[in-house]
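Novice: As a plain string of letters, each chain reads:
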Amino acid sequence: MQHGKYRFIVGFLVIPMTLYTLFVIWPFIQSIFYSFTNWTGLSPDFEMVGFDNYSRMFEDDIFWRSLQHSMLFALLLPLVTLSLALFFAFMINVGGRRRKGGPVVSGVRGSGFYKIVYFFPQVLSIAIVALLFQFAYNPQSGALNSTFKAIGLDDLQPVWLGDPDLALWCVMAVLVWSTVGFFVVLFSAGMASIPTELYEAALLDGASRITTFFRVTLPLLWDTVQSGWVYIGVLALGAESFAVVQIMTIGPGGPDYSTTVMVLYVYQKAFRDGQAAYATTIGVALLVVTLAFAAIVMKLGRRERLEF
Amino acid sequence: MKTTETPTAPDAVPAPRVSKQDGRPPRPKEKSEGQVLNVFSHGILIVWAILVVMPLLWAVMTSFKDDAAIFNSPWSLPTSLNFDNWSRAWSQARMADYFLNTIMVVGGSLIGTLVLGSMAAYVLARFEFPGNRFLYYLFVGGMSFPVMLALVPLFYVVNNMGLLNTIHGLILVYIAYSLPFTVFFLTSFFRSLPSSVAEAAFVDGATHTRTFFQIMLPMARPGLISVGIFNFLGQWNQYMLPTVLNSDPENRVLTQGLVQLSVSQGYKGDWSGLFAGLVMAMLPVLAAYIVFQRQVVSGLTAGALK
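If you read the sequences in order, they're chains A and B. So for the first sequence, UniProt numbering puts the first residue at 1; every next one is plus one. So for the second sequence, UniProt numbering puts the first residue at 1; every next one is plus one.
Some, not all, of what chain A presents toward chain B, calculated at C-beta under 10 Å: (1) Ile32; (2) Gly95; (3) Phe135; (4) Ala189; (5) Val263.
I should point out that these hints are in silico values taken from the structure, not numbers from a laboratory. Every residue, glycine too, gets a C-beta built ideally from N, C-alpha and C.
Full structure from sequences and hints, please.
Specialist: Dropping the structure here:
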């Protein structure tokens with residue numbers, strides 16, 4: 001297979017490689033370079049300023065707040081989402097009552113239905129989901145407050161996204177809502193590949209479902225959970241939180257910056273304030289946080305590998 | 001990789017014999033515990049299903065109401081079906097245009113992603129050449145970088161090439177950002193295909209290019225479908241890239257158009273039209289998901305499980 005091999009290789013790689021270098025690699029390299037300049041983004045002129053942007057960043061209150069919120073997103077969101085998803089997936093796949101003559105391990109009744117329905121939000125754009133919930137949270141006539149009114153909780157009329165103490169949680173709840181279904185399905189696929197003999201053995205041994213979950217299912221699923229943790233954490237630091245925060249909350253990242261996140265801050269500095277260089281500096285910080293997050297999860301999550 | 005015994009297996013194996021001999025399988029105790037748990041867990045499963053479906057149903061319901069009803073009684077059923085909300089959204093609010101733009105952008109970039117991604121993946125998977133590993137990791141590394149970091153310089157790259165606010169510019173950028181995952185997924189897929197068929201074709205005098213398009217690509221169809229669905233959903237739902245690279249109102253895609261609409265709604269107040277637009281944008285993907293449910297799920301999970 002040597003004839004014309006290199007011509008073929010080059011021919012096949014040149015277009016994808018060019019596009020990828022031009023639109024992905026090159027901008028990445030540039031952004032690190034720009035973080036050492038005072039480029040505004042509005043004019044082509046700039047000077048090298050060394051670490052000025054970085055020292056400015058460390059004294060920037062809003063940067064610290066956005067970092068705090070982003071970290072909260074990266075830690076709490078995976079915890080809540082994955083716990084819920086694990087519980088649902090276990091119930092759907094293993095939690096069913098043993099019926100006479102049926103398989104030893106089965107899901108609760110209607111599990112197929114749950115799997116389909118839970119996945120709905122995953123196919124919708126996060127932008128559309130954010131818009132929808134913005135209406136649901138509307139303090140005057142949103143679905144939430146009018147439900148409160150209908151069940152007699154008239155006094156309890158939070159302004160949700162307008163309340164600095166509540167806004168961040170509201171936004172986070174939307175992300176949980178939209179991502180749980182994906183992990184239910186992902187974990188279901190993982191659980192389906194666990195051999196039933198293990199469950200049979202555990203059941204005959206008299207293990208309750210809770211024990212079965214913690215002793216059989218979770219250890220064998222650990223790899224999937226771990227990569228899920230990284231996956232959702234990276235999303236929460238990046239694109240997803242950008243869409244929900246930018247669309248749902250009012251003003252410059254929520255009331256009194258209560259919902260601002262790092263991605264949003266990069267966007268605002270670059271495209272609203274004309275401080276492209278400073279924006280890329282925050283972007284570099286975001287890159288560091290993302291990589292550190294992934295490394296820590298991979299490191300902490302490492303366990304003896306279980307084979308089956 | 002080390003093979004360790006699973007914790008339950010050793011003690012679990014002799015158990016069945018013991019309980020059989022005793023003649024008391026641990027059923028009764030389990031059952032009472034099981035029932036409480038069943039009610040409880042069924043309850044939670046149902047509550048979550050309602051939590052997922054309610055907002056969607058609420059949106060559909062609201063899209064048929066007039067503005068007054070939306071504000072005065074958000075939860076009541078619409079008194080009459082106001083289809084003019086839908087027609088207003090479709091024509092006046094330009095949902096029709098946004099749909100067309102989205103279809104063009106996603107169609108173009110999906111085809112481009114699959115063709116270019118499979119070409120690169122094929123070469124990286126099945127040919128030895130210096131720099132092969134380096135290029136592979138260069139592609140795959142792109143998966144873990146936050147897009148936002150590149151977005152500022154990307155804006156100026158696209159601007160300098162005269163591609164800002166154009167459909168084809170958006171297509172090229174979508175392709176570039178879809179390549180990391182596509183190459184990663186398809187490389188391992190091409191590696192798993194048997195090489196004998198390709199070699200036979202090559203011996204018969206087919207060129208590499210012909211072997212690829214006529215033999216390998218058809219064999220890779222399941223992988224292409226999985227990665228195609230994954231990319232389709234990602235590109236159809238893309239919000240950040242068009243927001244930054246495409247500010248021309250003529251070329252807005254669906255997500256962007258809807259968000260713009262809701263922002264300007266603050267002053268004009270055609271909420272019913274906006275809801276109709278939202279539902280319009282939701283229904284096609286939901287319908288497609290219900291029809292192709294199995295493929296969508298396996299396409300999305302295959303990627304994440306790798």
